[in-house]
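**Q** Since chain A is already given, all that's left is putting chain B on it; use the hints.
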Amino acid sequence: MTEDVRKLTLYLRESDREPGGRLVADALFDLFQRSALRVSVLVRGVEGFGRSGLVESERLETLAVDLPLVAVAVDRPQRIEHVLGEVRSLMSSGVVTVERARLVTDAVPEPTGGGTAAKLTVYCGRAERAEGGSAARAVIEHAQIHGASAGSVLLGLDGTVHGVRRRARFASRNADVPLMVIVVGPDQAIAAARPGIVEMLNDPVVTLERVAIGDPPPMPADAAEGSQWWQKLMVHCGADASSGGRPLHLAVLDRLRTEGLAGATSMRGYWGFAAGSRPHGDSARALRRRTPVLTVAVDRAQAVERAWPALQSLVAAGGVLTREWVPVVDARPPAQA
Amino acid sequence: MSAVFWPLIAATGGAGALARFTVDQHVTRRAGGALPLGTLAVNCSGALLLGLITGAGVSGDAALVAGAGAIGSYTTFSTWMYETHRLAEEGQAVAASLNLVISLAAGLAFAGAGWAVGSLL
Numbered sequence: 001m002t003e004d005v006r007k008l009t010l011y012l013r014e015s016d017r018e019p020g021g022r023l024v025a026d027a028l029f030d031l032f033q034r035s036a037l038r039v040s041v042l043v044r045g046v047e048g049f050g051r052s053g054l055v056e057s058e059r060l061e062t063l064a065v066d067l068p069l070v071a072v073a074v075d076r077p078q079r080i081e082h083v084l085g086e087v088r089s090l091m092s093s094g095v096v097t098v099e100r101a102r103l104v105t106d107a108v109p110e111p112t113g114g115g116t117a118a119k120l121t122v123y124c125g126r127a128e129r130a131e132g133g134s135a136a137r138a139v140i141e142h143a144q145i146h147g148a149s150a151g152s153v154l155l156g157l158d159g160t161v162h163g164v165r166r167r168a169r170f171a172s173r174n175a176d177v178p179l180m181v182i183v184v185g186p187d188q189a190i191a192a193a194r195p196g197i198v199e200m201l202n203d204p205v206v207t208l209e210r211v212a213i214g215d216p217p218p219m220p221a222d223a224a225e226g227s228q229w230w231q232k233l234m235v236h237c238g239a240d241a242s243s244g245g246r247p248l249h250l251a252v253l254d255r256l257r258t259e260g261l262a263g264a265t266s267m268r269g270y271w272g273f274a275a276g277s278r279p280h281g282d283s284a285r286a287l288r289r290r291t292p293v294l295t296v297a298v299d300r301a302q303a304v305e306r307a308w309p310a311l312q313s314l315v316a317a318g319g320v321l322t323r324e325w326v327p328v329v330d331a332r333p334p335a336q337a
Numbered sequence: 001m002s003a004v005f006w007p008l009i010a011a012t013g014g015a016g017a018l019a020r021f022t023v024d025q026h027v028t029r030r031a032g033g034a035l036p037l038g039t040l041a042v043n044c045s046g047a048l049l050l051g052l053i054t055g056a057g058v059s060g061d062a063a064l065v066a067g068a069g070a071i072g073s074y075t076t077f078s079t080w081m082y083e084t085h086r087l088a089e090e091g092q093a094v095a096a097s098l099n100l101v102i103s104l105a106a107g108l109a110f111a112g113a114g115w116a117v118g119s120l121l
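Protein sequences, first through last, are from chains A and B. 1 is the number of the first residue of the first sequence in this note's numbering; add one for each residue after it. 1 is the number of the first residue of the second sequence in this note's numbering; add one for each residue after it.
Keep in mind that the hints are not guaranteed to be accurate.
What the hints assert, rightly or not - Okay, the calculated beta carbon distance ranges per label pair:
1. 21/B x 246/A: 20 to 28 Å
2. 106/B x 287/A: 22 to 30 Å
3. 78/A x 33/B: 43 to 51 Å
Derived from the structure by calculation, the hints contain no laboratory data. Just so you know, even glycine gets a beta-carbon here, dropped at the ideal spot from N, CA and C.
Chain B extracted, bound-state conformation:
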């Protein structure tokens, strides 16, 4: 990869992180409730986007900038784990399990749907 792309990855990574915070907080504020839906929303929308990009055949440096830069910082595995752990800590075993299962199933479905749409482009 050319060094030209480094600042580009930094910039898209920064933008992805800001987008994550904004979307996550917006959804969490409105949804409230028992499950951390803000994190679910960024992870699913990120999976959809990455599916779309790879399905559309984007590769090489461009895929790296989009995937590792923007979507890498937009989606969050660590927060998903952290918030699941917090549910378990509070004795909410059902909510913690649902948070794992729903995120996995929905994430796969969104990635697959993104790929299917992307490959039509």
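Next up, chain A with everything else stripped away, as it sits in the complex:
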């Protein structure tokens, strides 16, 4: 069985403040808590740029003061609709999308329908266990065995799980803070992996969306009122993928910027794989990081179209590129400082 839900996504900055002076990220998750949203997760990017074209990066000390954030919330359509007005009033700059998704509530396989590829997102606590280990890692393992193309575990800093606020704290175990596992692959691979994934989790929140791995998908006819259809690009880079002696995600981000996209955010996965690599994470024994990096960009279709060929040749070095149509309900340039 599946249930029709909406996925609200905000692309913002760490230092963004709402009109009342509070940090937007704090105000946003207080709102999600008050509204007891089924699931929400805040993820901090390690690198990114916005409309100004200025790069923020964790790698360089003085560029790490205003990193990009991605906030995601999933619930029934009317509940998302209900918070949307207040979300928009909090936001100072950035992009807001409200996508259709299907919440997978049981393990019975169902055709994903229509698309050639699908994206499965699992929301659970950081310390949730499955099959004798970390649930998130088990989901990744299971997806790869069934032929998924890429998957990443993104740790949240804040969020709600089944309506309860779970916020990460410094020097704390943070066991209940939500994480997000994103898996993409051909329809049949995701359909095959789905029942096992739903079954291994205690109280799963799993959503399913259509994406395209290759050619552009047909544009949906039914944009919600007041929104317009843009495209979302996602680039999954494997742990060992590199281009010109640099990690692939840096080359991807550079390319997105020089192609003139309005913005992009790279998020470091805690565990994951892309394009045939084995699932990897960091090891205490190795200096070199071996984690996947997921880069997301949302822009008008023609901008995505323009960047597409260059990105396709870049990801041949060990990445997976997907795109999908997303209804954008708000897109605001940064206020002039």
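**A** Chain B alone, transformed into the frame defined by chain A:
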């Protein structure tokens, strides 16, 4: 050292830190690229200044205020190490090595040049 100098060291130290942030960010934004050039720029310009001051014979409390206060907080060893470590973490061994070697060589050259100029004053 007289306690009179404490607030002075605090003030010049604060100013040095602000100058570091401004110069580092300005250079990094413009240079982008593979090496952390913002950090290189503050470390080299700081080495030049300290060379200049000591070469000019400034000593005692004044040298302490300028050296430990202003330039001490303007230059950064820790960021140099941190950013080198980040390059190594990403598997960029050549860039990490270059960041070490270039910073050392350029830092020594700037300090020496500063000293040479300062001693002429």
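**Q** Take the hints in turn and mark each one as holding or not.
**A** So, going through the hints one by one against the coordinates:
no. : hint                      : result
1   : 21/B x 246/A: 20 to 28 Å  : holds (26 Å)
2   : 106/B x 287/A: 22 to 30 Å : holds (25 Å)
3   : 78/A x 33/B: 43 to 51 Å   : holds (49 Å)
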